[in-house]
Amino acid sequence: MADLDQKPKVGASRRDFLRGSGIAAATAVITGPAVASLDEAKAAEPEYKVVADTVTLKLQVNGKELSTEIEPRCTLLDTLRNRLDVTGPKRVCDRASCGACTVIIDGATVYSCTTLAIACQGKKVETVESFDTGPTGVPHAFVQHDGLMCGYCTPGFVTACKSLLDRNPNPTLDEVRKGVDGNICRCGTYIGVLEAALAAAKAMKGA
Amino acid sequence: MKAFEYVSPSSAEVAVKALDGVDAAPLSGGTDLISRMKDLVTSPKRVVYLKDISAIAGVSGDAASGLTIGAETTLAALLSSKVVKESYPALWQAASEVGTPQIKNMATVGGNLCQRPRCWYYRAGFGLLPTKDGKNMVREGDNRYHAIFHTDGDALFVSPSSLAAPLIALGATATILGPKGERTIPVASLYQIPKKADDRELTIAANEIVTKVTVPAAKGKNASYEARQKAAHDWPLVMASVNLDLDGNTVKSASVIVYGVAPVPYRAEAAEKAITGKAVNAESAAAAGDAAVQGAKPLSDNGYKIPLTKSVVKRALLAAVGNRYWEEG
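Chain order of the listed sequences is U and R. Straight run, no breaks: the first sequence in this note's numbering ends on number 207. Straight run, no breaks: the second sequence in this note's numbering ends on number 536.
Hints are supplied without guarantee of correctness; some may be wrong.
[As the list claims (entries may be wrong)] FRET-style restraints, in silico, Cβ to Cβ:
| no. | chain 1 | residue 1 | chain 2 | residue 2 | range |
| --- | --- | --- | --- | --- | --- |
| 1 | R | Ser217 | U | Thr56 | 44 to 54 Å |
| 2 | R | Gly341 | U | Glu47 | 27 to 37 Å |
| 3 | U | Gly122 | R | Gly332 | 34 to 44 Å |
| 4 | U | Thr56 | R | Lys252 | 18 to 28 Å |
| 5 | R | Leu247 | U | Thr56 | 22 to 32 Å |
| 6 | U | Arg177 | R | Gly341 | 28 to 38 Å |
Derived by calculation from the structure, the hints in this document are not laboratory data. No residue lacks a Cβ here, since even glycine has one placed at the ideal position from N, Cα and C.
Whenever a hint applies, use it, and build me the whole structure from the sequences.
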């Protein structure tokens, strides 16, 4: 385990090398033949950290700071669902196609299944759990307008609609269609989704 | 996906160092690389994350002096640029049809240019020149989305970048950074047709990255037009990007680049010749569209791309001069 801020596992800096290898290395520096190799080590000193093992990831999820251990290959979706118990985003296609895993990072919707968790270190993540469920919120409009059948795509659609309305509080039907273009509903409740998005926009204005 | 080590460098120079000497892959939006890693088509030892390098992101410049587009500019940021929308509609129109809102937020200009082919044989792990029992799997198999030009060779995939066609038509250059320093090449020179199994379709080495794209001053008129199978989330079947240098109404010179028909972005020289010296109207544009398919040799399942190519070239030329007759009731 290594924190991102801790010393790198591979390609340690000269200072870390000396600190880590203790007296043996320090002694070697003083002896003649080692001086040349120290210069070489300085020339080859990497200017980047290599994360080869697990790291501590810190995320701002729905206003709360959450932290867990991850490998570099963990996706944001699997990290949220399996490590942080944030299960609103759903794993469906796992290939950036269906939109069920949609979350909002720093104000922009992304497919969390195709985003590395490690690349989100310190970022602000919003998921469907944080949305207003009152009468002027998007989730309520989905209930009122039958925007779901099996419900598996619904968190993604709700997130896409919420993000669209945050940027464009007064969308046309065509803009709603484009706004939810990145989400697929296999039950085919698109009409309900489009109506819900337009109704939510109206309800928000009335609020 | 196999385990890999991860580097998030602070600058493009450091990124190139991190890519050098190991089996490494640069990562931007991830919409290509992460899916390839999940499918075990690509399993790099190291992933170098470029998207947080703000020095190579963003759009600057204007129509009079030209544009500089950082490689890590997201498609969403590119589309929000007023100058791109107003003066480089060929680029804006092509970008606006890429992916979905989520993909536009994730994907970058450099990633779009350097994404690997979407050929389903390549994506299933059979390589760029998929062969079985000495026969080309694309030629023998389902090739409905494959090339109609350069089909004498074994590379039958189509070049996947929607932004390459407009950028080439606009005369853009790409700046490449590698261990030996920086070089600038025409965007068209990013691509090649692989001949041997281990050739890449990209000319840049695995330890090089695109840092920016430079688009010359906007002269004349430009437009893109694409035909697609469905309205939602897909690559175009065929798209044409055109850039016309006009003298009054007469075309002094033309660039016509077609996406979706060849393993590289395809320059339709015959179409360029056909429209040069003429005013763009329904008749001359249709003649240029017909000329665009000269030399095409479709495969067993993709002959439909011939009429499609004729139409998109015609419509892109007409769109460039403001005639979008197909949108009128």
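Note to self: Please check whether serine 217 of chain R and threonine 56 of chain U have a Cβ separation lying inside 44 to 54 Å.
What the structure shows: Since the Cβ atoms of serine 217 of chain R and threonine 56 of chain U sit about 20 Å apart, the hinted range of 44 to 54 Å is violated.
Next item on the list: Return holds or violated for the Cβ distance of glycine 341 of chain R and glutamate 47 of chain U against the range 27 to 37 Å.
Entry: violated (49 Å)
Regarding threonine 56 of chain U and lysine 252 of chain R, is the given constraint of 18 to 28 Å on their beta-carbon distance met? holds (23 Å)
Verdict for leucine 247 of chain R, threonine 56 of chain U (Cβ pair) under range 22 to 32 Å
holds (28 Å)
Glycine 122 of chain U paired with glycine 332 of chain R, Cβ distance criterion 34 to 44 Å: The hint (34 to 44 Å, Cβ to Cβ) holds, given that glycine 122 of chain U and glycine 332 of chain R are roughly 36 Å apart.
Status of the given 28 to 38 Å range, CB of glycine 341 of chain R versus CB of arginine 177 of chain U
violated (48 Å)
Hint violations for this structure: numbers 1, 2 and 6, all remaining hints satisfied.
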